[in-house]
Structures are given as structure tokens and as C-alpha cells.
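Can you build the whole structure from these sequences, using the hints too?
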Amino acid sequence: MDKKRLVMVGNGMAGVRTLEELLKIAPDHYEITVFGAEPHPNYNRILLSPVLAGEMTIQDIILNDHSWYEQHGITLHLGRKVTRIDRVRRQVLAEDGTAAHYDRLLLATGSTPFILPIPGNDLPGVISYRDIADTDAMIEAARHYRHAVVVGGGLLGLEAANGLMLRGMDVTVIHLADWLLERQLDETAGRMLQKSLEERGLKFLLGKQTEMLVAGESGRVAAVRLKDGLQLPADLVVMAIGIRPNIALAESAGIYCNRGIVVNDTMQTYDPKVYAVGECVAHRGIAYGLVAPLFEQGKVCANHLANFGIGRYEGSVTSTKLKVTGIDVFSAGDFSGGPGTEDIVLHDRQGGVYKRVVLKDDRIVGSVLYGDTADGSWYFQLMKDRQSVAEIRDHLMFGQNKLGDAGHKGENRAASMPDTAEVCGCNGVCKGTIVKAIKEQGLFTLDEVKKHTKAASSCGSCTGLVEQILASTVGGAYQAVSASDKPVCACTEHSHKVVREAIFKHHLTSKEAVFDTLNWKTPNGCDKCRPAVNYYLISSWPHEARDDPQSRFINERAHANIQKDGTYSVVPRMWGGLTTPAELRAIADAAEKYKVPTVKVTGGQRIDLLGVRKEDLPAMWADLNAAGMVSGHAYGKSIRTVKTCVGAEHCRFGTQKSMTMGVKLEKMLFDMYSPHKVKLAVSGCPRNCAEAGIKDVGVIGVDSGYELYVGGNGGIKTEVAQFFVKVRSDEEVMEYAAAFLQLYREEGFYLERTCHWLERVGLDHAKSRVVEDEDNRRALYGRLLAELKDAPDPWAERIAGVERNEYEAILI
Amino acid sequence: MGEWKSICKLEDIPRLGSRVVRSTSGDVAVFRTSGNAVFALRDQCPHKGGPLSQGLVHGNQVTCPLHGWKLRLDSGEAVAPDEGCSRRYPVRVESGTVFLQI
Chain R
1 MDKKRLVMVG NGMAGVRTLE ELLKIAPDHY EITVFGAEPH PNYNRILLSP VLAGEMTIQD
61 IILNDHSWYE QHGITLHLGR KVTRIDRVRR QVLAEDGTAA HYDRLLLATG STPFILPIPG
121 NDLPGVISYR DIADTDAMIE AARHYRHAVV VGGGLLGLEA ANGLMLRGMD VTVIHLADWL
181 LERQLDETAG RMLQKSLEER GLKFLLGKQT EMLVAGESGR VAAVRLKDGL QLPADLVVMA
241 IGIRPNIALA ESAGIYCNRG IVVNDTMQTY DPKVYAVGEC VAHRGIAYGL VAPLFEQGKV
301 CANHLANFGI GRYEGSVTST KLKVTGIDVF SAGDFSGGPG TEDIVLHDRQ GGVYKRVVLK
361 DDRIVGSVLY GDTADGSWYF QLMKDRQSVA EIRDHLMFGQ NKLGDAGHKG ENRAASMPDT
421 AEVCGCNGVC KGTIVKAIKE QGLFTLDEVK KHTKAASSCG SCTGLVEQIL ASTVGGAYQA
481 VSASDKPVCA CTEHSHKVVR EAIFKHHLTS KEAVFDTLNW KTPNGCDKCR PAVNYYLISS
541 WPHEARDDPQ SRFINERAHA NIQKDGTYSV VPRMWGGLTT PAELRAIADA AEKYKVPTVK
601 VTGGQRIDLL GVRKEDLPAM WADLNAAGMV SGHAYGKSIR TVKTCVGAEH CRFGTQKSMT
661 MGVKLEKMLF DMYSPHKVKL AVSGCPRNCA EAGIKDVGVI GVDSGYELYV GGNGGIKTEV
721 AQFFVKVRSD EEVMEYAAAF LQLYREEGFY LERTCHWLER VGLDHAKSRV VEDEDNRRAL
781 YGRLLAELKD APDPWAERIA GVERNEYEAI LI
Chain A
813 MGEWKSICKL EDIPRLGSRV VRSTSGDVAV FRTSGNAVFA LRDQCPHKGG PLSQGLVHGN
873 QVTCPLHGWK LRLDSGEAVA PDEGCSRRYP VRVESGTVFL QI
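One line per chain: the protein sequences are R and A, in this order. The first sequence: position 137 = 137 (this note's numbering), numbered continuously. Plus 812 on top of the position in the second sequence (first one is 1) and you've got this note's numbering.
Think of the hints as simulated: they come from the structure by calculation, not from any bench. Ideal Cβ positions, reconstructed from N, Cα and C, are used throughout, including at glycine. Any given hint might turn out to be false.
Label pairs and their calculated CB-CB ranges [to be verified]: (1) 87(R) x 823(A): 39 to 47 Å; (2) 390(R) x 887(A): 51 to 59 Å; (3) 821(A) x 729(R): 53 to 61 Å; (4) 821(A) x 546(R): 44 to 52 Å; (5) 887(A) x 101(R): 36 to 44 Å; (6) 823(A) x 785(R): 34 to 42 Å; (7) 565(R) x 817(A): 25 to 33 Å; (8) 286(R) x 892(A): 15 to 23 Å; (9) 805(R) x 887(A): 55 to 63 Å; (10) 506(R) x 887(A): 56 to 64 Å.
Next comes the structure, spelled out in C-alpha cells:
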């Protein structure tokens, strides 16, 4: 097949990101030609401020060097500005006469800084702040001149002013509004920012309008005159009052523009052969200037260029951060207040911390943070998800860490950590290593950082911290994605939610049907998505969808737990933690017969036989089966154990028979697979010796019945279970516990523990479906029982010969 | 070069699965893809020696069960950004029988 020709005009971040996405999914589809007006390959424009501030060099911020273009066979025309598009002949023409034909054209022409239409705006020494050339000009000016005036107290203006000051200039910022960053901050935060910038040496003139720029004897700009008559000395004037989409080229070719190049949700312009992404675009009337939305556009655009036809860009909710080292500012949404809104404010004047969250109908609609921005991404997420904060309102201002965050968020202040601090305790990754990888490899997403550094790729408890390091290193380029929207893995665009709903809605019963219906990008998924899809299939269509052993992680396939040396561990089930002399004798015999090197009592009141050779497993299970024992499922995303205390059977304090209750629960839940492992405990009195407060379902006996607690976790981050309901009888314990677990099984995303699921959907949701809705509770209970009816013992099945190949090696 | 040895029938290896061949020169993992292509690698991940035969097979790759490294079945090379290689053994299928050169 002849390759189609793709020409891209503009060589900036949005455009090149689109090409990267395209090459990932359809590397051979196009012969690609790129025109760039600047003489540089694609660089990280966002990091120009650190370059100006002397914290990084141009080399540090190159994202794709020349070899990248070569490696992908891309023809690169640098320093050549495209001046004409001939849509009839499907060709573009550059200033110097270079021409290129296209089958598809991608416009990524970016934007130009807005220059005030005042006398003197074209004098030498008057520049904008947009590219490497501007940055060089500022650095050069700082070497020879003293007075700089920055017109515009927005993000870019302040970053420019800060950089020039650090390079030794005397800098004054002139701003039309009454406070700095008036679009990103409210007045209080704006004043705090001003104060701290003034302490660093910047000067501000607020509420002032610039009238003209005055030339000196040399012809270079020498002064700025304001409307009120004030005149300031200025050897350098930086205009940073906004940007305008570059649409002249598109307009001259007759492509419809309205403040930007108008595109639909697939990033296509009114000419179906022409696509556009980036700052030059007007999507649903909005031109974005932050990089995160532009990357989203790029991803969607690439998908359509590759003829996959999946995905729509539906606009972005954006947040802002200021990249001035040592000053933390964050804002998102609408914080103008107004009727129907409520403010929650935390303000520590001396400590320099200001947090304001604006609520409407119990939902966050905006937030402004100054000084302590660690929770910015959390508020932002709550806002995007439109999650009700009624339950957590009391603690909202103290941040997510104070909430008990289920182990997936980091500590505060990633930015202030030393480079040598260990971030990922599982893989021994330090902050410096992560920052270096982000900068050198040009990483923008959490997944990329995980892949390259291994940080946050094991237990995940440092994920939040890694996200913060990422956010503070790449600035506005990073935007966290909520669990509900994250694609399952690189094989698909779809989230867990979408996949699960599709399986249910279209009655899909095999992984092939799922991959086919949802246009999976890989022929048979990967180690991430296959187990998830398999779980969704068997839990959505029990007794109908076939469980696929090859989609199970080895532990669930082999029904034993793989160890670091490739041997396995065997844990027989001991219902409620109870055993007998006969069982113990059988365990001892098996341990000796199969030369088990280690015998250990587990945290869940079971006995673990470690170091068993795989081929011995079936025979060993047969011996244990003969003594009446079955699989303990100590290896699966499944019911693990029901831990019990002695209870009223023996204990002088016991109020309820916890052992009996525990055994009943465990027998009911035998062979239950779930999104992640599930642990229960039953205590016979509030002394709670079975530690029910850190279990997925904890049952605590009291004199009048039982209290049920849910969503506890004793693992990565200790999470105390929350009170769910109080019931009277054993039967009710079974019904409520089963219904709660079934709701989790039906709604939880794969590898989401109950605490994470509850954090996502809210405890009120679970209560409303289980506690308050009797019919629904009964239905959930019924579905779980029906699914677990006649559940086989996986050991007995394998002793009988199921999956025999799994355990037999071929000898040659 | 070793000699070709018949090891099993193609259907004795589960699709998207593997078998372990125990030889005097160590364990070899023999994989079968969804398209019935067969590959053989030394049953040891270059990372920490995990048994690749116990991993999940997808496309032309296997994911090591211990720490999730991905290796290409056709070359034994780790998928970037990981670096390492597991030895590859020649393998072929003839009228339903799998032969391994070892």
C-alpha cells in the first residue's frame, strides 16, 4: 500500500505530540513532512521560564531532537514559514518556495503574543515572550541593561519578570487590573502573591494603563509612559498581555475561523482533509492556551488521522499553576462567588497560606490556593467529577491526607524534598532519579514515569507523591486523570467503567467479543487488561461467561502463590481460623512428605506452607483434601480469610459467638472472586481482638447484635473501616455483608480495594443501595448466593485432572 | 547447535500459554501465541530470574510473573525502557508436533 502524505504546519508541542500519538498507533500509515518557522526542533515551551531564570538550559528543554525526526522518517523543514495552502492542489508552500503535497494536512500553527497597539511598540528592545528567540533576547538584555518593564501581570508576565530579576535586572510590572493574575486568583491570593514577589525585589504598578513607549537617543526603547503621566525608565519592555491564535494562514486558504481555526470534536476543520490542534484552534468556541488540553486534542486527532475513528475531544476543564520557584499558586474553576455559592476559607496570613474552595449545591465549583497547593489536584478532581463533598466538608480544607486517603496519595510538598529522598520504597527510587527521567526523557504522564523509573509501579502507595513531583517538574503540562476516566491500559482508550458497562449492555461473554466490540488496539490485550476483562466477564455473566485461565495471573491460574524463586506456597482454608488436631497432623505430614522448607502462621489465622515445587502441588493438595481441607484462596483477588476472635464460646467478655459467625460468613463467601482481595473479621465484643476495624467488612458483636464496618484496610496505608449498619441477627449480618460485597463486585474497578471504591463512590452511595433499599439489598444478596452456588474447590478439580498441563513439565 | 527434539503436540500448549521443558541445560519455556506461533526462551527473566513460563502471554510478548517485565518472544529482548535479554531457542511445528533445538 502506498503511504499517504501527512503535512504538518507548525513544529510545536501540540503538533509533535499529535505525531507521537499517531506513530504509536499507526507507525506506517503516513509519510510525514513538518514545517517549523523556528530554527529549533520541538522544545518544551513551558520550560522557557526556568531557562530564563537560569535554572535550565535550552538543551534541557528540547523534547524531540533531530534524530527523533530522522528515526521516524519525518522530513523536517526548519526555519521555513508556510505562507500558502493550495487546497485544490492539496499542497502547502513555504516562504522560500519549498512545496509539499498532502493527503491530510495538520495545522498546528500555535499563537502569537498580543502586542499593545501603542506608539513605540516596534522599537528595538520591545519584545514579547513566546519562544527561544525572545528568551535569548531577554537573557542578552539582562547582560547589558538595567531597567526592565513587563507589561502584563498574568502568568507569563510574572514568570518573565521573575526571570529577568534573577538575571539581575530592576523589574517593574505594569498591570491593568487591580491585582495580579486576576483571572487565576481572587484578590486576597493576588495580594499575597504580590507581597511575596515584592519581597523578592519586583515592583508593581497596578491599575495602570500604558500609553506609549519612548525611544532614547540610540533609537532603543528608553522609557514607558503611562496614561496617568508617570514615566518609567525601560531598557527592555516585555509585552505579556495575552496571545492570539495564528489563523492567518488558515483564513487565507478559506478555512473557516472564528477567533481560532474552528474544529469539531475530532479536531477536523471545515475542510475534511485538514485537521488542526493546539493554540491555533477554536473548539466549541474556546481556544486553549495550556498544554494539557492540547495534548488531549493531539491524542484524539492522532486517532482519527490513523483512521481508527474512536474518541472525541469534548473540551477540558483547566487548572493553573505558576512556575516561579518557591511560590505555590493553584487555581481552578469559577471562584468569582455569586448567588448560590458558598465559600470555605482557610487563611494564615503570617504563614503565607490561603486556601479558598467555592461550593455550589455541595459540589466544588472553584478553588484558589496560595502557599500550600498540595491539595490542588484533589480539589480539581472533586470538581471535575462533580462529586458531592457534603460528607467530607468538615475536613475539606485540611486536605486529602487528613481524610484518610486509602493509600493512593502522597505527602505534601514534593517540591521541597531533597533529591536524595526515597520516594518509592518498593523499588528504591529517589526524587532526583524521577526528576532527571522526567526532564531527560520528556515524560508527561504518570504511566511514563512508572515505566521509566519503576517508581509507583509496585504497591502504588507513592503514586500521589510521584504525581506531585511530576506536576512540579513539568508545571502546567501535567494534569491528573481521575480513576473513572483512565484507560484500562495502553491497549484501549476505554476506561474500566466503559468496558464494564459495555460487557453488561451488549451481553458480551468472551474476551474476544470485548476486544472486538470496543476496538482493542492489541490482538489479545496485555497483562493489565486481560485479567480485568476476565473478571468483568465472569462477574457480569456468572455461569455463562467462561473463565479464561490464560487471562489469570499465575497465582489464580495455578491456585497457589508464586514465590521469588519460582516455587509456590500452599495455604489450606481454615474456616474462621479454626482447625483440628487431625488437620494439623495432615498439614505436618504434607510438609514433611513434600519437603516444605518453611511453615508459617499467616496474619489471617492460617498456616502457610512455603517453597513447594509446582509439580508437587496436585499431589499435596490431594493429601490435604483427603484430610477434609480445601483451597484457602490465599493467592487471589478473592475472598481471603474471615478472622475471628474466641468470642462468647469461651471468652469471659464475649457477647456474640464470633467464631460461629465467622465460619458462616466464610462458608457463604467461599470461591468469591472480586475486583481485589477481600478480608473479613468478626469480633465477639467491642474489645475487637479480631481487628475488624481494618477489614473490608468488619463485624463487631455487641450485646444487642452486631455492628458492621466497611472499607477498612490494614495494608499499604492503614484505613479505618467506617460504620455501615447495626443489625440484630446472624442472618442479617450475612445479608448485609453479602449485599455490600456484591455491590463492590458489581461496581468496583479491577484492582480497586473496597476502600478505594468507597472513596470514589462515597459511603452514602453504598448505604443507599444496601442499608436503605431493602429490595435492592435482597437482590444483591440473591445474586451473590446464586453466583457462588455449588462453587467447586479448585484443588479438588485439579486433583481430578483439570489443567493438568499447567503442572507437568516436559522432560527431555 | 544442539539437536532437534520433539517435545509435545501443539495442542498440549495452551493458546496464549506455555509449557516448561526441563533439560540438562536448564528449563526452557515454550510459548504459543493466539495465532499458533511457537517460541522458546530460557525460563529465566533477565531481571531477577523469574520463571517466564508462568507469565501472561499477549501478542508476541510475555510478562514476567515476578515484577512485570515484558519480553519479546521472537527475540528474548526486554521491552523498553527495561533492558535485558533471555536466550532464545529455535523451535518449529511440523504436522502438529512441536520441535525444539537444544
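May I ask you to test the hint 36 to 44 Å on the CB atoms belonging to residue 887(A) and residue 101(R)?
38 Å, holds
Supplied distance hint 25 to 33 Å, evaluated on CB atoms of residue 565(R) and residue 817(A):
27 Å, holds
Residue 821(A) paired with residue 729(R), Cβ distance criterion 53 to 61 Å:
Distance hint for residue 821(A), residue 729(R) holds at roughly 57 Å.
Range hint 15 to 23 Å (beta carbons of residue 286(R) and residue 892(A)) holds or violated:
Given range 15 to 23 Å: violated, Cβ gap about 37 Å.
Lying within 51 to 59 Å: is that true of the beta-carbon distance residue 390(R) to residue 887(A)?
56 Å, holds
Measuring from beta carbon to beta carbon, are residue 506(R) and residue 887(A) in 56 to 64 Å?
Roughly 38 Å apart at Cβ, these two residues miss the hinted range, so it is violated.
Verify the CB-CB distance for residue 87(R) and residue 823(A) against the hinted window 39 to 47 Å.
57 Å, violated
Is 44 to 52 Å respected by the C-beta to C-beta distance linking residue 821(A) and residue 546(R)?
Roughly 23 Å apart at Cβ, these two residues miss the hinted range, so it is violated.
Could you check the hint for me, namely that residue 823(A) and residue 785(R) are 34 to 42 Å apart, CB to CB?
37 Å, holds
Look at the Cβ atoms of residue 805(R) and residue 887(A) and judge whether their distance stays inside 55 to 63 Å.
With a Cβ separation near 26 Å, residue 805(R) and residue 887(A) fall outside 55 to 63 Å, so the hint is violated.
In this structure, the hints that do not hold are numbers 1, 4, 8, 9, 10, in rising order.
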